[in-house]
Amino acid sequence: MIRRKLAVTLIGCAVFALAGCGEIDQKAKVEKVYAGKKDTRAAEDARFGGDRKKWETTLAERSKAQNEYLRTDPRTETK
Amino acid sequence: MLLTKKSAGQVQKSTFASTINRAVGTVDRRAFLKRSGMVAGAGAFASQLPFSMMQKANAASSGPMVAADGKMEIKRTVCTHCSVGCAVDAVVQNGVWVRQEPVFDSPLNLGAHCAKGASVREHGHGEHRLKYPMKLVNGKYQRISWDQAMSELTEKFLALRKSSGPDSVYWVGSSKHNNEQAYLMRKFVSMFGTNNTDHQARICHSTTVAGVANTWGYGAMTNSYNDMQNAKCAMYIGSNAAEAHPVSMLHMLHAKETGAKMIVVDPRFTRTAAKADQFVRIRSGSDIPFLFGMLYHIFNNGWEDKKYLNDRVFGMDKIRDEVMKKWNPKAVEEACGVPEAEVYKVAETMAMNRPSTVVWCMGQTQHTIGNAMVRASCILQLALGNVGVSGGGTNIFRGHDNVQGATDVGPNPDSLPGYYGLAEGSWKHWAKVWNVDYDWIKGQYASKAMMEKPGMTVSRWIDGVLEKNELIDQDSNLKAIVYWGHAPNSQTRGLEMKKAMETVELMVIIDPYPTASAAMPDRKDGVYLLPAATQFECAGSCTASNRSIQWREKVIEPLFESRPDHAIMYDFAKRMGFADQFVGKRDGKQNIAVVKVAAGYEEPVVEDVLREINKGTWTIGYTGQSPERLKAHMRNMDAFDVRTLRCTKDVIDKETGYNMNGDYFGLPWPCYGTPEMKHPGSPNLYDTSKHVMEGGGNFRANFGVERDGVSLLAEDGSHSLGADITTGYPEFDHVLMKKLGWWAELTEAEQKAAEGKNWKTDLSGGIIRVAMKNHGCHPFGNAKARAVVWNFPDPVPIHREPIYSPRPDLVAKYPSHDDRKAFWRLPTLYKSVQEKNKDISKQFPLILTSGRLVEYEGGGDETRSNPWLAELQQENFVEINPKDAESRGIKNNQFVWVQSPTGAKIKVKSQITERVASGTTFIPFHFAGWWQGADLLDKYPNGAAPIVRGEAVNTATTYGYDSVTMMQETKTTLCQVVAA
Amino acid sequence: MARMKFICDAERCIECNGCATACKNEHEVPWGVNRRRLITVNDGKPGERSMSVACMHCSDAPCMAVCPVDCFYKTEEGVVLHDKDLCIGCGYCFYACPFGAPQFPQAGAFGLRGKMDKCTFCAGGPEENHSKAEFTKYGRNRIAEGKLPACAEMCSTKALLAGDGAVIESIYKTRVQRRGKGDEIWGWAMAYKRGDAVAAGVKS
Ligand code: SF4
Ligand code: SF4
Ligand code: SF4
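Residue numbers (this note's numbering), protein chains in the order written: chain A, 22 to 100; chain B, 1357 to 2336; chain C, 86 to 289.
Chain A extracted, bound-state conformation (with noise of 0.2 angstroms):
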C-alpha cells in the first residue's frame, strides 16, 4: 500500500515529494535497549571539557558558514 503511494507521488511531482506522506506511522513499537560499548559523549571531548554550552556554541558558531546569506545578502553588503 505504502510503496504503491509513495511511487505515485514520485512520478507525478515534479518536486520530490515525500513529505505528502506523512501520515505513515513510523514509531518503532518495539522497545530496544542498547547492548554494545558505552560512548563518549561529543561535549566531554578534551576541548570542551564536559562544558555542554561551550560544544554547543561552538556548533552554532560553525553552522553559521553553511549560510552564505550572512556574507552575500545586499543587506549586509558593504560598499
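It should be emphasised that the hints constitute simulated quantities derived from the structure, not laboratory data. It is possible that part of the hints are untrue.
[Stated by the list, open to error] Simulated crosslink set (PhoX-like; lysine-lysine; CA at most 25 angstroms straight-line): (1) C/266 <-> A/85; (2) C/130 <-> B/2239; (3) C/159 <-> A/74; (4) B/2005 <-> B/1971; (5) B/1617 <-> C/258; (6) C/266 <-> B/1617; (7) A/58 <-> C/232; (8) A/74 <-> C/232; (9) A/74 <-> A/85; (10) B/1431 <-> C/217; (11) C/159 <-> A/58; (12) C/222 <-> A/53; (13) B/1427 <-> C/232; (14) C/232 <-> B/1431; (15) C/266 <-> B/1701; (16) A/59 <-> C/258; (17) A/58 <-> C/200; (18) A/53 <-> C/278; (19) C/258 <-> B/1588; (20) C/200 <-> A/53; (21) A/85 <-> B/2005; (22) A/53 <-> C/159; (23) A/59 <-> C/266; (24) B/2265 <-> A/85; (25) B/1617 <-> C/130; (26) B/1701 <-> C/232; (27) A/58 <-> C/222; (28) C/217 <-> A/59; (29) B/2265 <-> C/130; (30) C/217 <-> B/1427; (31) A/85 <-> C/232; (32) C/200 <-> A/75; (33) C/130 <-> B/2247; (34) C/159 <-> A/75; (35) A/85 <-> C/200; (36) C/217 <-> A/58; (37) B/1588 <-> C/217; (38) A/59 <-> C/222; (39) C/130 <-> A/59.
Assemble chains B and C with the ligands onto chain A, guided by the hints.
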C-alpha cells in the same frame, strides 16, 4: 507496520530508493552507484577492500589519532581542478597530508567543493603516480635514475637541435603549472631557441582570448563568479557550469534565489539546464544564428543601449545591417532550430533584466568559427550596454586551475609573457627583464625570422610531424615531442596522433602521471617518463578565472622521486649550458636565486620568479601582485566581501604588517604599477563608474585612433570616474606625457627609464603611476570597443557550417572558409574537406559532441587515478536519444561502437537519455586507456595505470580548426552508433 | 538542546558528488561502500532534481528497531550510531532503512558480509574519541571536535545542510521565502516528524 517488524522473513524491500529506481525507469549514468546499496540488496554488499589507512606515519592500530610528537600543520592551498579557485586547508602531520578542511573564509568558494576539490588530499598519496624516471626499453618501461634520464635526454635534445634545428622539438607546456613555472617554461623554450610550444589554452579558450581581446582589450573573463550575484539575468551558452565549474553555481543559485533569471542555451539538457528558468536547445554549432536571432529582436524593439553604443562602441551599424538582412526569425529557426517565440523570450528576458551577463565555455570556443561565435556573444553584450558593468559582462569560465595564468605569462607559441608578441621590441623588453643579452637569445634561434614567427599549436603538432616537409613553414619536421603536463586525449584526430607518436624520434612525458601518452603509441623505445610533482608539492601562484591570483603554500614534499617542474627546467637549462641566462645571472646581478633542496636537486626560488614576472608584465597588470601582497591576502581571506571581493576596512596582516584596505581579493589583474603604488586590482574590467585607482577603467586603445575616417576613441564625457582627460585618448607613452605637460611629475630616475618608452615598456612604472595616480587616467588609453574586428577573416561574425555538417543544404548556404597555405606554419584546410564530406551525413547521420563530467578533469589521468573519484564514474559512455537508440536496436547500458568518418571506432556504453535531442550524441572526453576496443593496461608502467580506463572520444574526432587561433573542432562532428 | 539533522535542498543540489567525496576523504571509506550518495529523478529531463542521501538519523529509527543484537544507540543529539563489535552483518537494518543507508563491506574472500557501516553524522562511534580504533571502525569524530559533518561543510552549493535542526531549518526557511515558492525537504517527514517540516516553513 512494516517498519516495526523485526523478523527477517517479513522484512520487505520497501526502501525509498528502490522506489525511485522503479519510478524513474531509465538508469542514469551513475547507475552502478545506485545499484550499490539500493537495488535488490546485492549491491550494498560491496566486494571490496577493507577500510584503508592513509596515516602511514602513525600506523599503530591503537592509541590516539594524533601522536604526541606529531607536529600538526595547516597549509593553505588551492584546488587544482578548475578555475573557480576553491581554497583548501591541508592538515599535515609528520610530512603526511592527513586531513582536508574547508576554508569558509575564502570569498571565492566559502568552503564549498565539488567532488574533485573534495578529493584533492588523495593526490598527496598518489598510489597510481609515476614514481621514478623511466625509459622504454624493448617495449617495456624500465626504471632509471634522474641523472641518467636527464643526461640522455639533454644529449638527444642537443643532437636534434644540431642536426635539425631548434624548431624540430615541440614543447607542450601546461595550464596546470603555476604562474612561475608556466613563465619559466616560456623562458626555457625561448632559450632553447624555438616558439614551438603551447598549452591547454589553445584547445580551451584560445578563440575567446583572441576574439575578446580584439573586441575590447583584454582576453579574459570581464567580471567574476562572485559578481554574478549582482546580475539580474544570466544566459549560459555553451557552458555546463554545474559540472565544469560546480562551485560557481553557489553564486548563481544564490542570485537566482534573490530574483535573477537564469537561461541555458545548449544542444544538451545539462545539469546546469536543470536549474534554469528557460532552456533552449540549439543545434550544435549554430550559436551565431541564435545570438544574431536575439539581436534581431533587440534591434527590432529598440532595446539596444543607444547612448552606450554611441559613446563606447565602434561598428555596431554594420552588425545591425547584417542581422536585419540575414537573420530574420525564419532564417534563425532554419539554422539553429529554435522557433521565434523562444528566441524572442530570451532576448526580452536579457533586455528587461539588466544588468544581464553571458557565460560561455567550450561550447562556443571549440569550433572552426569559434573566434566569430565568441565575438557574437560580445556584440550581444555591447548592444545591451552590459560590458563594464557590475552584474553584466562576459563571464567566460576558464578551464584548468591556472589556464588563465598560463595564457597570461606562460608558453604561448605567438607571444612572450604578457601578450607582448614576438616582435623585436618585445624580445628586447624581455631580454632586459631577464637580464640576458638580446643577441644571445637570437643566436639560440634558427634565425631572426623564426624567432619572430609564431610556432605551431598543440592542436596541430601531429601535422608538424606528418605533413610533407615542403608544405610546412619551417626547416625540419618535428622530430621530438615533449608532453610537459598535458594529456594527449584532449586533442582531436587520435588515429593520426598515434601515427605521429610512432613517427617522432623521441617522446618525453613529464607529469605526475604517465598519462595516456605513455600507453598510446606502439613503440619499442625512444620514450622517457619523468615524474613531476603536483601543485601540492610546491609553492606558487595561480590565476583563477576571475583574474584573482592566489598563492599556494607547499603542502608536502614531492612524493616518491618526483621533482617540481621548475627544478626540472633548471636542470635542463644547466645541462644545456644556459643556467645563468635562465635565472638572469649577469654583471654581478642575479634575478632568481637557486637553492639546493634536501632531495639533492636545485630549485629556482619561486618568489623570485614572481618578482621577475612583476618586473616585466606591465601590459596586463601582473606587476602589482608581489608575493608579499598575495600571501597576505591568503592569510586574511575573511577580510574580503563576497559580493564585491573588496576589503573595505583596515585589516593588517600580522606577518607583514600589510594593510589590505581597498584591495580586491587576489589583486585580480590588471593590478597596475609597482606593488608600492598599491593598485587594488580590477574586479570588473572596463568599468567607468569607478576611478582607475579603485579598479575602474574603460575600453582599451589598441587598434589605432581612427578607422575609415571614424574616430576609435571614446566619445567626450565617456571616461572612468574622476579622469583628468574627459575625452577619449590614446595609450600613454613618453611623447604623450610630454605633450600633456606631465613629464615633470616623473622622478628623475623614472624619467631616465621612461625615455623613449611607452607604459608597457617603461620598467620604472613611472608613466603608469603619473597617469593613474595623479590624473586618474588609464595608461592604455580610452577607446571604443570594436563590434567589427577588421583584422579577422570575418570582421563581422559570419555563421559557417562545421566541416562535418549534418546539413548539406546549409553547407551550400553557409560554407566554410577557403583553405589556407601557411597558417601557424602549417597548411590548413576548410572548404576542400567540407566539400569532400558534404554528403557524409548519409553514412554518419548523428552529431557527435563532447564535454565534461563533474568527477574528472581534462584528459583525466590524474582524476581517474584517484579512487574516490574513479569509483563515481567507471565507464565511458555515449548519450543517445531514445528514438535514435530504438531505431538502431540499442538497449540501455550495453556496449556500442561509435564510428567516425576517420575510420575510427570506439567502444563505449550506451546511455539512453533525452538529455540529447534525436540526431545528437554526446561523449565525455576525460577517458583514455582503451584503444578502439582494447584495454591498454599492459602498456602502462607497472602500477601506474589509472584505475578507470576507457575509450577516448578524441580517437574518433575529425579535422577542423579555427581560422584565427587553430582551436580544434570538438563540439560538432559526425558519427554512427551501432550495437556491439 | 541540539538535535542533529540533515536537509538536502533539491533546488540547489547539482549532483556534483562533492558531499559523497568529502565523506570518502574524511573517513577513508573503502571503495564500494557509500555512506552518502546521490539520487536523481527525471534524469536528463525537465524537472530533473537530485538529492544527496545518507543515514537520516531518524527520530524513530527503523534500523534500530529491527537489529537482532541491539547494536544501535542514539546520542543525546539524536545521532544514530552502532557498535561494530556487536554487529553480526545480518543486513536486516539495510532492508528496514527507507534510505538504503546501511552498507556492508565484504570481509572475506567468499562473499561473507562484513560489519555494517553507515553514516555516523561524523560523530565516530563507541570507542575513545579520536582514537585509532574509533577511526578505523567508524571514521573521524568531527562532532566532538566542534565541527559539522564533512559532507555538508563542503557541499558545493550549500544544498546539503547539517547541524542543529533549529539552525538549519532557519537557514532553509530564508531560502524558501526568497524563492517565493514552497519546496519539500527531501526525506524529512519520513526521517523526522511531520511537524518539524511544517515548522521549517515548508509546504508539504
Ligand atoms: S574543481 Fe573547481 S569548483 Fe570543484 S572544488 Fe576545485 S576549484 Fe572548486
Ligand atoms: S555526516 Fe559524515 S559520515 Fe555521514 S555522510 Fe556526511 S561525511 Fe559521511
Ligand atoms: S555537494 Fe551539495 S550540490 Fe553537490 S551533490 Fe552533494 S548535496 Fe548536491
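These are the hints, each one checked on the structure:
no. : hint              : result
1   : C/266 <-> A/85    : holds (24 angstroms)
2   : C/130 <-> B/2239  : holds (15 angstroms)
3   : C/159 <-> A/74    : holds (20 angstroms)
4   : B/2005 <-> B/1971 : violated (29 angstroms)
5   : B/1617 <-> C/258  : holds (21 angstroms)
6   : C/266 <-> B/1617  : holds (15 angstroms)
7   : A/58 <-> C/232    : holds (24 angstroms)
8   : A/74 <-> C/232    : holds (15 angstroms)
9   : A/74 <-> A/85     : holds (17 angstroms)
10  : B/1431 <-> C/217  : holds (24 angstroms)
11  : C/159 <-> A/58    : holds (12 angstroms)
12  : C/222 <-> A/53    : holds (23 angstroms)
13  : B/1427 <-> C/232  : holds (21 angstroms)
14  : C/232 <-> B/1431  : holds (19 angstroms)
15  : C/266 <-> B/1701  : holds (22 angstroms)
16  : A/59 <-> C/258    : violated (37 angstroms)
17  : A/58 <-> C/200    : holds (16 angstroms)
18  : A/53 <-> C/278    : holds (20 angstroms)
19  : C/258 <-> B/1588  : holds (22 angstroms)
20  : C/200 <-> A/53    : holds (20 angstroms)
21  : A/85 <-> B/2005   : holds (22 angstroms)
22  : A/53 <-> C/159    : holds (11 angstroms)
23  : A/59 <-> C/266    : violated (45 angstroms)
24  : B/2265 <-> A/85   : violated (43 angstroms)
25  : B/1617 <-> C/130  : holds (20 angstroms)
26  : B/1701 <-> C/232  : violated (46 angstroms)
27  : A/58 <-> C/222    : holds (13 angstroms)
28  : C/217 <-> A/59    : holds (17 angstroms)
29  : B/2265 <-> C/130  : holds (20 angstroms)
30  : C/217 <-> B/1427  : holds (17 angstroms)
31  : A/85 <-> C/232    : holds (12 angstroms)
32  : C/200 <-> A/75    : violated (35 angstroms)
33  : C/130 <-> B/2247  : holds (19 angstroms)
34  : C/159 <-> A/75    : holds (21 angstroms)
35  : A/85 <-> C/200    : violated (35 angstroms)
36  : C/217 <-> A/58    : holds (16 angstroms)
37  : B/1588 <-> C/217  : violated (51 angstroms)
38  : A/59 <-> C/222    : holds (15 angstroms)
39  : C/130 <-> A/59    : violated (49 angstroms)
This entry does not satisfy hints 4, 16, 23, 24, 26, 32, 35, 37, 39, going by the numbered hints stated previously.
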